[in-house]
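Residue numbers (the UniProt record's numbering): 1 to 237.
Please note: incorrect hints may appear among the correct ones.
Stated by the list, open to error - Within a straight-line C-alpha distance of at most 30 angstroms, the following computed DSS-like cross-link-like pairs (lysine-lysine) qualify:
hint, residue 1, residue 2
1, Lys-221, Lys-170
2, Lys-27, Lys-69
3, Lys-198, Lys-170
4, Lys-198, Lys-181
5, Lys-221, Lys-209
6, Lys-209, Lys-170
7, Lys-181, Lys-224
8, Lys-181, Lys-170
9, Lys-224, Lys-170
10, Lys-224, Lys-198
11, Lys-209, Lys-198
12, Lys-221, Lys-198
13, Lys-221, Lys-181
14, Lys-209, Lys-224
As the list claims (entries may be wrong) - Okay, the calculated beta carbon distance ranges per label pair:
hint, residue 1, residue 2, range
15, Ala-172, Leu-210, 42 to 50 angstroms
16, Arg-21, Ile-56, 50 to 58 angstroms
17, Thr-59, Ala-33, 42 to 50 angstroms
18, Lys-224, Glu-77, 55 to 63 angstroms
Source of the hints: derived by calculation from the structure; they are not laboratory data.
Virtual Cβ for every residue (Gly too), placed ideally from N, Cα, C.
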Amino acid sequence: MASRDRDSDSYSPKSRRGTRRLNDGVKQRIVGALVLAALAVIFLPTLFDREGARYIDVTSQIPPAPDIKPITIAEPEPVEDVEPAPPVDQVFQPEYVEQKTAAPDPESVSLEPPPEKAKAVEPEVAAAKPAQEAEPKSAPESHVQLPAEETQLDDKGLPEGWVVQVGAYKEAASAERIRSKLMDAGFRAYTRAVDTPKGRLVRVFVGPKLSRVDAQSDKQKLDKLLQAETLILRYRA
Numbered sequence: 001m002a003s004r005d006r007d008s009d010s011y012s013p014k015s016r017r018g019t020r021r022l023n024d025g026v027k028q029r030i031v032g033a034l035v036l037a038a039l040a041v042i043f044l045p046t047l048f049d050r051e052g053a054r055y056i057d058v059t060s061q062i063p064p065a066p067d068i069k070p071i072t073i074a075e076p077e078p079v080e081d082v083e084p085a086p087p088v089d090q091v092f093q094p095e096y097v098e099q100k101t102a103a104p105d106p107e108s109v110s111l112e113p114p115p116e117k118a119k120a121v122e123p124e125v126a127a128a129k130p131a132q133e134a135e136p137k138s139a140p141e142s143h144v145q146l147p148a149e150e151t152q153l154d155d156k157g158l159p160e161g162w163v164v165q166v167g168a169y170k171e172a173a174s175a176e177r178i179r180s181k182l183m184d185a186g187f188r189a190y191t192r193a194v195d196t197p198k199g200r201l202v203r204v205f206v207g208p209k210l211s212r213v214d215a216q217s218d219k220q221k222l223d224k225l226l227q228a229e230t231l232i233l234r235y236r237a
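I would like the entire structure built from these sequences, with the hints used as guidance.
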């Protein structure tokens with residue numbers, strides 16, 4: 001009987017009310033947990049991404065292509081009547097001029113000036129002048145200064161020079177001997193090798209001089225010393 005009373009007490013209205021309250025509390029806890037979970041899902045990404053979404057301007061900054069009109073370029077035409085450039089080894093060589101007279105022999109050349117012939121001494125005859133004849137007054141000398149010879153310029157604006165060609169030799173040793181003798185005699189001499197229709201020759205020159213008059217003076221001296229005919233050529237550096 002006692003056990004039955006206890007069972008009946010357990011199912012009393014008071015115990016039912018307590019059970020309902022317990023169930024309502026559990027439900028509220030579950031609902032609160034779900035709400036917290038939803039809030040966490042919504043706000044947690046925002047907390048970690050503090051900068052937030054950025055707007056990126058994808059508008060192109062390249063200016064539009066300019067309107068370029070086509071240009072017609074005429075094809076180059078070949079130039080006529082153009083002389084080809086000379087070989088490199090002949091650019092700095094004087095023009096080839098064949099000597100009509102034979103070049104002086106290096107062995108037989110003597111650069112000592114020939115002895116001058118003694119002039120006959122003529123007896124001076126004092127002419128008697130009349131005392132009455134008055135000496136004529138000499139007219140005042142007029143000093144006229146001749147204009148200096150202008151130095152000619154070439155196409156590049158450089159002064160042109162002149163040289164005297166002494167001779168052309170097949171052997172370089174012969175040309176060198178002539179050059180040495182000319183240097184000893186006080187001339188400014190040099191040699192140049194050049195290819196000619198007759199083969200390779202070594203020519204001997206004296207100079208250069210800025211004026212043809214000076215070159216002509218050297219030519220006269222050389223013709224007298226060498227007993228040979230030399231040539232005046234235009235100098236090309």
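Results for each hint:
Only pairs whose Cα atoms come within 30 angstroms are accepted, and Lys-221 paired with Lys-170 is accepted, the gap being roughly 25 angstroms. Among the hinted pairs, Lys-27 with Lys-69 is inconsistent with the structure: their alpha-carbon atoms are about 82 angstroms apart, more than 30 angstroms. Straight-line distance between C-alpha atoms of Lys-198 and Lys-170 comes to about 10 angstroms, which keeps the hinted pair within the 30 angstroms bound. With a CA separation close to 26 angstroms, the supplied pair Lys-198 and Lys-181 stays within the 30 angstroms bound.
Only pairs whose Cα atoms come within 30 angstroms are accepted, and Lys-221 paired with Lys-209 is accepted, the gap being roughly 14 angstroms. Taken as a hint, the Lys-209 and Lys-170 pair is honoured in the structure, with Cα atoms around 26 angstroms apart against an allowance of 30 angstroms. For a cut-off of 30 angstroms, the pair hint linking Lys-181 to Lys-224 stands: about 15 angstroms separates their Cα positions. Restraint check for Lys-181 and Lys-170: satisfied, since their Cα atoms lie roughly 18 angstroms apart, inside the 30 angstroms limit.
Proposed proximity of Lys-224 and Lys-170 is supported: the alpha carbons are some 24 angstroms apart, at most 30 angstroms. For a cut-off of 30 angstroms, the pair hint linking Lys-224 to Lys-198 stands: about 28 angstroms separates their Cα positions. With a C-alpha separation of about 28 angstroms, the suggested pairing of Lys-209 with Lys-198 holds against the 30 angstroms cut-off. At roughly 29 angstroms between alpha-carbon atoms, Lys-221 and Lys-198 fall within 30 angstroms of each other, so this suggested pair holds.
A C-alpha spacing of about 14 angstroms is found between Lys-221 and Lys-181, which places the hinted pair at or below 30 angstroms, so the restraint holds. Only pairs whose Cα atoms come within 30 angstroms are accepted, and Lys-209 paired with Lys-224 is accepted, the gap being roughly 19 angstroms. For Ala-172 and Leu-210, the Cβ-Cβ distance of about 29 angstroms falls outside the hinted range of 42 to 50 angstroms, so the restraint is violated. In this structure the supplied range 50 to 58 angstroms holds for Arg-21 paired with Ile-56, their Cβ-Cβ distance being about 57 angstroms.
Checking the proposed 42 to 50 angstroms range against Thr-59 and Ala-33 shows it holds: the Cβ atoms sit about 48 angstroms from each other. Range check, Lys-224 to Glu-77: Cβ separation about 57 angstroms, and the 55 to 63 angstroms hint holds.
The structure does not agree with the numbered hints 2 and 15 stated previously, though it agrees with the rest.
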